[in-house]
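Assemble the whole structure, with the sequences as input and the hints as a guide.
Residue numbers (mature numbering (1 follows the signal peptide of the UniProt record, and there is no 0)): -25 to -1, 1 to 279.
Just so you know, these hints were derived from the structure itself, not from any lab. Quick caveat, the model's predicted, so the values are computed rather than measured. Hints should not be assumed to be uniformly reliable.
Said to hold, decoys possible - Here are the simulated lysine to any residue pairs, SDA-like style, with alpha carbons at most 25 Å apart:
{"hint": "1", "residue 1": "Lys94", "residue 2": "Leu5"}
{"hint": "2", "residue 1": "Lys212", "residue 2": "Ala226"}
{"hint": "3", "residue 1": "Lys142", "residue 2": "Gly125"}
{"hint": "4", "residue 1": "Lys127", "residue 2": "Phe151"}
{"hint": "5", "residue 1": "Lys157", "residue 2": "Asn76"}
To be verified - Restraint ranges, calculated between C-beta atoms of paired labels, are given here:
{"hint": "6", "residue 1": "Gln138", "residue 2": "Pro215", "range": "29 to 37 Å"}
{"hint": "7", "residue 1": "Pro3", "residue 2": "Ala91", "range": "21 to 29 Å"}
{"hint": "8", "residue 1": "Lys127", "residue 2": "Ser10", "range": "26 to 34 Å"}
Where is the CB? At the ideal position from N, CA and C, for every residue including glycine.
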Amino acid sequence: MKKTPNLYTAIIPALLVGMSSVCFAASPTLDKIKSSGSITMGVRESSIPMSYTTGDSRFDGYHVEICRMILGDIKDKLSLSALRINYQPVTSQNRVPLMQNGTIDIECGTTTNNTARAKDVGFANTLYVEEVRIAVKANSGINSISQLAGKKVATTTGTTSVQLLRKHEKANGVNFDEVFGKDHADSFLLLESGRADAFVMDGSILAGNIANSKNPKDYKIVGEVLSTEPIAIMVRKDDPEFKAAVNEAIAKIVKNGNMPKLWNKWFLSPIPPKNIVVGLELSPATKNAWANLNDKPAEDYQKK
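Below you can see the structure in the form of C-alpha cells.
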C-alpha cells in the first residue's frame, strides 16, 4: 500500500530552512571579519580619555577598551583563533563618511547618537552620557554663558557644540565669534595660546585636555550644562546583525560588572602615556544608561 505523504512533514522542513535564513541572516561586517580575520576600528587621536593615541600609532581609552572587549566576544562567536584590529584615525568631519564607505567597520570615539546621524549610520547601546560644558582660563573672570559676549569661542570642526551654545536660553542676545580647531587638541591649543577665550565641548574632552596640559590649574570648566547627550559606538546602518552582536557583547560587559571598573580606570586613575588623572566622577545619567541599556538618540534626552 502506497503511503500518502504527510503534508506537515513536507512543510515543516521548509519552514525550518526559512527560519534559519532569518535567524542567521548574512551580515556584511561579520562576513568580512570571518573571511579576513581582521576589522578596522575608527579611533580619535585626542579625545582623552575616551579615545586617543598613546604614541607610536597605538590607541587606547574608555571606548577603545570597550570596543576591544566587544570584538573579543565577536571573535569567539565566529570561532576565530585570532582577530587583527586595524586602527584608523578619524575626525569629527570624516567619521560618518568613512563608516558609510566601508573604510571603518566600528567607530569607538566620542560620537553623539542623534536623529540626524541615525539617518546615515547605526549606534550601539549607550555606555557614556556626556554633558557639554565650557572651559576657560582660571583667571579669565568668565563663569557663565552671559560673559561670553564679545569673546572668541573655540570648538572643533564637525561638532555641534557651538550650535548648542547659541540655542541655549541663556545665550539669548550674547554675541561671540567662533574659531575652529581641526581636532580637540587643536581647539584646546586655541584656548591655551589666547586665540580663544573659551572652548565649548564635551565635558570629558575638556577635562582630559586640561589634565593633559602643562599647568592644569590654569583652567576650569564653568557655566551651565549646554546639553546632555548619549555618546555611542557607531556601526553601519545597513547591518542590523552586526549591531545586535555588538549589543549582546555590551550586555555581557555590563552584566559582568565591568563598567564601574572601566570608569575608575579611565576617569579616576592615572592613564597613559603621562599618568594624568582626568578626575571626572561617574554621572547619574551614565549610571542609568548602564542599568537600562538602550540606543535612544540625543533628542530623547532633551525631553522634559
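Quick rundown of the hints versus the structure:
1. Lys94 - Leu5: holds (22 Å)
2. Lys212 - Ala226: holds (20 Å)
3. Lys142 - Gly125: holds (17 Å)
4. Lys127 - Phe151: holds (6 Å)
5. Lys157 - Asn76: Within the cut-off at roughly 22 Å; holds.
6. Gln138 - Pro215: 29 to 37 Å: Holds, at about 30 Å.
7. Pro3 - Ala91: 21 to 29 Å: holds (24 Å)
8. Lys127 - Ser10: 26 to 34 Å: violated (50 Å)
Hint 8 from the earlier list is the only one contradicted by this structure; the remaining hints agree with it.
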